[in-house]
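Colleague: Here are the chains, one letter per residue:
Number of protein chains: 2
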Amino acid sequence: MKVLASASDTYWLIDQLRTQGKRIGLVPTMGALHQGHLSLVQRAKEQTDVAVVTIFVNPTQFGPNEDFQKYPRTLQSDIEQLESCGCDLVFTPTNQQMYPLGHSTFIEPPSVAKDWEGKIRPGHFRGVATIVMKLFQIIPAHVGYFGRKDYQQVAVIRAMARDLNLPILIQACETIRETDGLAMSSRNRYLSPSQRARALGLSKALKMGQTLIDQGCTSGQTIEDAMRIELTKAPVDSIDYAAVVHPDTLEPVESIDGPVVGIIAARIGNTRLIDNATFIRG
Amino acid sequence: MKVLASASDTYWLIDQLRTQGKRIGLVPTMGALHQGHLSLVQRAKEQTDVAVVTIFVNPTQFGPNEDFQKYPRTLQSDIEQLESCGCDLVFTPTNQQMYPLGHSTFIEPPSVAKDWEGKIRPGHFRGVATIVMKLFQIIPAHVGYFGRKDYQQVAVIRAMARDLNLPILIQACETIRETDGLAMSSRNRYLSPSQRARALGLSKALKMGQTLIDQGCTSGQTIEDAMRIELTKAPVDSIDYAAVVHPDTLEPVESIDGPVVGIIAARIGNTRLIDNATFIRG
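Protein chains in written order, with our numbering: chain A, 48 to 329; chain B, 48 to 329.
Careful: at least some of the hints might be erroneous.
Treat identical chains as interchangeable: a pair holds within one or across any two.
Claimed, not checked - Here are the simulated BS3-like cross-link-like pairs (lysine-lysine), alpha carbons at most 30 Å apart as the crow flies:
{"id": "1", "residue 1": "LYS254", "residue 2": "LYS69"}
{"id": "2", "residue 1": "LYS69", "residue 2": "LYS92"}
{"id": "3", "residue 1": "LYS117", "residue 2": "LYS280"}
{"id": "4", "residue 1": "LYS49", "residue 2": "LYS69"}
{"id": "5", "residue 1": "LYS117", "residue 2": "LYS166"}
{"id": "6", "residue 1": "LYS280", "residue 2": "LYS251"}
{"id": "7", "residue 1": "LYS69", "residue 2": "LYS280"}
{"id": "8", "residue 1": "LYS251", "residue 2": "LYS166"}
Note that these hints are calculated values from the structure, not bench results. Note that this is a predicted model, so its numbers are computed, not measured.
Model the full assembly from the supplied sequences, consistent with the hints where possible.
Modeller: Below, the structure written as structure tokens:
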């Protein structure tokens with residue numbers, strides 16, 4: 048496994064591999080890798096010839112009062128995990144490499160970025176879209192792999208790829224969960240044991256949503272109310288949103304007559320967690 | 048020469064050519080081709096293996112009160128000219144192809160887009176940067192060719208390419224002029240014969256700027272004043288700006304001690320013309 052920090056060396060290598068007819072799979076990450084990330088690498092290995100992982104804690108997607116400084120950085124362990132799951136290339140740039148003095152071009156993200164995370168974290172998707180665009184240029188991959196846990200992020204990147212004609216297929220991969228249901232997240236390591244127990248509220252609320260669908264409920268509002276009750280029982284400390292939305296537009300669905308997605312963001316102590324589930328009528 | 052209207056067919060073909068080791072040169076245009084455009088194609092043919100021209104009058108770079116509707120469209124003649132100068136591929140998409148319903152991702156252009164054209168034509172460089180980014184994705188070229196006549200546009204595209212790590216070399220090519228000095232522009236065809244004579248004010252003003260430099264003048268302000276006098280003598284009907292700026296930052300230069308660029312935008316009747324010249328001490 049090669050580990051490169053230079054954007055130009057990385058582009059050069061990938062371009063060579065493409066000229067040799069190799070198909071490239073890209074997994075952009077912020078490090079602090081867990082089983083969710085590794086499942087994306089696995090998928091890339093299955094579907095393409097060269098699995099590339101990027102590790103970069105992107106400052107432009109964090110708000111001024113968010114956890115950029117304390118975001119977990121575990122590069123040595125990340126690299127070991129990637130090595131043992133057969134990753135071919137890791138790109139680990141510095142801030143200076145990605146945002147040199149004078150950098151001032153950004154992506155104005157698509158309309159699907161407006162609500163939910165976009166509203167609560169102003170500028171977040173502008174930062175995400177910009178870094179992902181940059182990584183797509185440095186590593187011109189055939190397929191990009193993203194975790195469905197960040198549901199809106201995947202929608203934003205898909206819309207960006209469509210709108211800007213990016214020649215890459217965006218693959219959303221299933222959320223990987225702990226055995227008790229907690230969605231894996233680098234931020235889970237912020238949780239104390241008692242907070243960890245309360246964090247189960249998110250996946251429980253989503254399970255409740257599916258249960259109501261199974262029982263024939265067609266009211267988005269009823270499911271939202273039920274999810275909020277579950278979250279309050281956990282208890283989480285605050286709910287940023289709990290909603291039932293259209294899978295593509297992410298607009299709230301009042302009367303359910305097709306697949307919908309339950310999306311949740313809640314805070315436990317200083318930790319902000321998100322989760323989602325696609326609700327399907329059986 | 049192939050003429051394609053489909054983005055995916057075009058990408059597929061270019062990708063094939065790249066895999067064969069061919070170097071691709073791209074000349075994005077809005078059609079209404081003149082000798083200036085053809086000189087870019089010539090350059091692409093000299094420096095790369097495959098010369099690609101795009102023809103698309105990009106609606107998002109025109110303001111609501113600008114000349115999008117009446118912008119000259121001369122596709123048949125454009126294609127004939129491209130054929131006879133040895134262009135390999137022409138991409139001529141429709142508005143619907145480039146901006147289908149729901150398109151909502153844009154490029155927020157770099158800081159060099161802020162002044163001059165950016166101030167007078169709000170949103171112009173956002174539209175330019177967005178369409179150029181899209182074309183760079185559809186036609187992943189090794190070199191992109193742009194006319195220096197649109198000096199700030201080249202600076203914007205260069206900064207965008209640098210900031211977003213676009214794997215393309217941006218080549219700025221010399222402004223092609225009529226024998227009397229008028230910079231070639233698709234908009235020149237809007238001019239009546241008497242307006243055409245007055246339009247010479249722009250190139251005359253720039254010549255005056257170089258004359259002052261030759262005489263040892265080091266004051267940006269003095270040169271600006273002299274350029275404005277030339278423009279007023281022409282006369283042009285109004286001056287949007289006439290300035291002496293740094294070649295990279297496009298910031299006004301008060302005390303000249305290196306190469307600077309004279310930039311001018313002026314109106315003659317309903318026609319807005321721009322021109323520029325790099326002033327070099329002999």
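Colleague: Does each hint fit the structure? Answer for all of them.
Modeller: Consistency of the hints with the structure:
Taking identical chains as interchangeable, the C-alpha atoms of LYS254 and LYS69 are never at most 30 Å apart, the minima being 41 Å within one chain and 54 Å between chains. For the homomeric pair LYS69 and LYS92, the shortest alpha-carbon distances inside one copy (12 Å) and between copies (29 Å) are both at most 30 Å. Proximity of LYS117 and LYS280 under a CA criterion of 30 Å is satisfied intra-copy only: 29 Å inside one chain copy versus 64 Å between copies. For the homomeric pair LYS49 and LYS69, the shortest alpha-carbon distances inside one copy (16 Å) and between copies (27 Å) are both at most 30 Å.
When the C-alpha separation of LYS117 and LYS166 is checked against a cutoff of 30 Å, the pair qualifies only within one copy, where the shortest distance is 23 Å, while the shortest distance between copies is 40 Å. With identical chains, the CA atoms of LYS280 and LYS251 are at most 30 Å apart within one copy only, with a shortest distance of 10 Å there and 78 Å across copies. Taking the closest pair of Cα atoms, LYS69 and LYS280 never come within 30 Å of each other, the shortest separation being 51 Å inside a single copy and 63 Å across copies. Proximity of LYS251 to LYS166 under the C-alpha cut-off of 30 Å is restricted to the intra-copy arrangement: shortest distance 25 Å within a copy versus 53 Å between copies.
Figure legend: structure checked against the earlier numbered hints; hints not met, in rising order: 1, 7.
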